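Engineer: So the sequences go chain by chain: A and B.
The numbering used here numbers the first residue of the first sequence as 1 and each following residue consecutively.
The numbering used here numbers the first residue of the second sequence as 1001 and each following residue consecutively.
Because the hints were derived from the structure by calculation, they are not lab data.
Fair warning: there could be bad hints in the mix.
[Unchecked claim] Straight line, CA to CA, 35 angstroms or less: simulated DSBU-like cross-link-like pairs of lysine-lysine:
| id | chain 1 | residue 1 | chain 2 | residue 2 |
| --- | --- | --- | --- | --- |
| 1 | A | LYS96 | B | LYS1042 |
| 2 | B | LYS1079 | B | LYS1042 |
| 3 | B | LYS1042 | A | LYS78 |
| 4 | B | LYS1045 | A | LYS57 |
[What the hints assert, rightly or not] Just a few of them, taken from the derived set where beta-carbon distance is under 10 angstroms, the chain A residues facing chain B:
| id | residue |
| --- | --- |
| 5 | GLN6 |
| 6 | LEU39 |
| 7 | VAL43 |
| 8 | PHE45 |
| 9 | SER55 |
| 10 | PHE65 |
| 11 | SER66 |
| 12 | ARG69 |
| 13 | MET89 |
| 14 | PHE91 |
| 15 | ALA93 |
| 16 | TYR100 |
| 17 | TYR101 |
| 18 | TYR104 |
| 19 | GLY108 |
Only a predicted model underlies this, so the values are computations on that prediction, with no experimental measurement involved.
Beta carbons are placed, not taken as given, at the ideal position from N, Cα and C, and that holds for glycine.
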Amino acid sequence: EPEVTQTPSHQVTQMGQEVILRCVPISNHLYFYWYRQILGQKVEFLVSFYNNEISEKSEIFDDQFSVERPDGSNFTLKIRSTKLEDSAMYFCASSKGTGYYEQYFGPGTRLTVT
Amino acid sequence: RKEVEQDPGPFNVPEGATVAFNCTYSNSASQSFFWYRQDCRKEPKLLMSVYSSGNEDGRFTAQLNRASQYISLLIRDSKLSDSATYLCVVADNYGQNFVFGPGTRLSVLP
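Using the sequences plus the hints, can you model the full thing?
Structural biologist: Shown next as structure tokens:
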């Protein structure tokens, strides 16, 4: 069964450093997403991406964040200058379409900012 | 702010019990609804979509009441493996932005 994969599983970085989180969505999916979950809190939407551009983003997704699909398989989330409060689990998801289509989530990258 | 609310939990039930989860959402324009489960420190996994007519998948039954903006999930004959956090998810009218509820944790006890 196809699945979303993410690397690395755990990333530790110092405050102010740039990090890139990587995802490989399910191959025939067209919509890609990033969510985050701070420990003990709910899952929060960050951004959706379709046809090589951002289609929707939340207020969390400020200028420190960017997304890219550098090739036909990878989907990345970059945080330019990490803050302590960026420490969270970051989940990538993908779907065939929008509306009634389910989103399938990757195993997540745990980001720890020290 | 558009929100999704769920029973705070946790629910601790014996094996074989029937357990019901409730969820309300505030955005009346919401179009699609899902239940996901999340094991500790793992990703959300789709349990089932929720349709207006209600739907059943084995021991799991989901209901949607659009007028009341209410969604429910019923688990019958609960198993130890059902222990997880159950997440109510509502998608807006474009279906891209999934809004997650805070989740209700279920522990099924032997």
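Engineer: Is the interface hint satisfied for MET89 of chain A? The criterion is a beta-carbon contact with chain B at less than 10 angstroms.
Structural biologist: 7 angstroms, holds
Engineer: Are PHE65 of chain A and chain B close enough, Cβ to Cβ, to be under 10 angstroms, as the hint says?
Structural biologist: For PHE65 of chain A, the interface hint is violated, since the closest Cβ of chain B sits about 16 angstroms away, which is over 10 angstroms.
Engineer: Answer holds if the nearest beta-carbon of chain B is closer than 10 angstroms to that of ALA93 of chain A; otherwise answer violated.
Structural biologist: Check passed: Cβ of ALA93 of chain A comes within 8 angstroms of chain B, closer than 10 angstroms.
Engineer: Hint validation: TYR101 of chain A versus chain B, beta carbon distance must be below 10 angstroms. Holds or violated?
Structural biologist: Since chain B brings a Cβ to about 7 angstroms from TYR101 of chain A, closer than 10 angstroms, the hint holds.
Engineer: Need the status of pair LYS96 of chain A, LYS1042 of chain B: alpha-carbon distance at most 35 angstroms?
Structural biologist: 22 angstroms, holds
Engineer: Let's test the interface hint: is any C-beta of chain B closer than 10 angstroms to that of TYR100 of chain A?
Structural biologist: 5 angstroms, holds
Engineer: Let me know if the C-beta of SER55 of chain A comes in closer than 10 angstroms to any C-beta of chain B, holds or violated.
Structural biologist: Because about 6 angstroms separates SER55 of chain A from the closest Cβ in chain B, which is inside the 10 angstroms limit, the hint holds.
Engineer: Have a go at the TYR104 of chain A hint: is there a Cβ in chain B nearer than 10 angstroms to its own Cβ?
Structural biologist: It holds, given that the least Cβ distance between TYR104 of chain A and chain B is near 7 angstroms, below 10 angstroms.
Engineer: Straight-line Cα separation of LYS1079 of chain B and LYS1042 of chain B no greater than 35 angstroms?
Structural biologist: 19 angstroms, holds
Engineer: Does the closest beta carbon of chain B sit nearer than 10 angstroms to the beta carbon of PHE91 of chain A?
Structural biologist: For PHE91 of chain A, the interface hint holds, since the closest Cβ of chain B sits about 6 angstroms away, which is under 10 angstroms.
Engineer: Tell me if ARG69 of chain A is really an interface residue toward chain B, meaning its C-beta lies closer than 10 angstroms to one of theirs.
Structural biologist: 16 angstroms, violated
Engineer: Report holds or violated for the interface hint on GLY108 of chain A, using the least CB-CB distance to chain B and a cut-off of 10 angstroms.
Structural biologist: 5 angstroms, holds
In terms of the numbered hints stated before, the structure departs from hints 10, 11 and 12, listed from lowest to highest.
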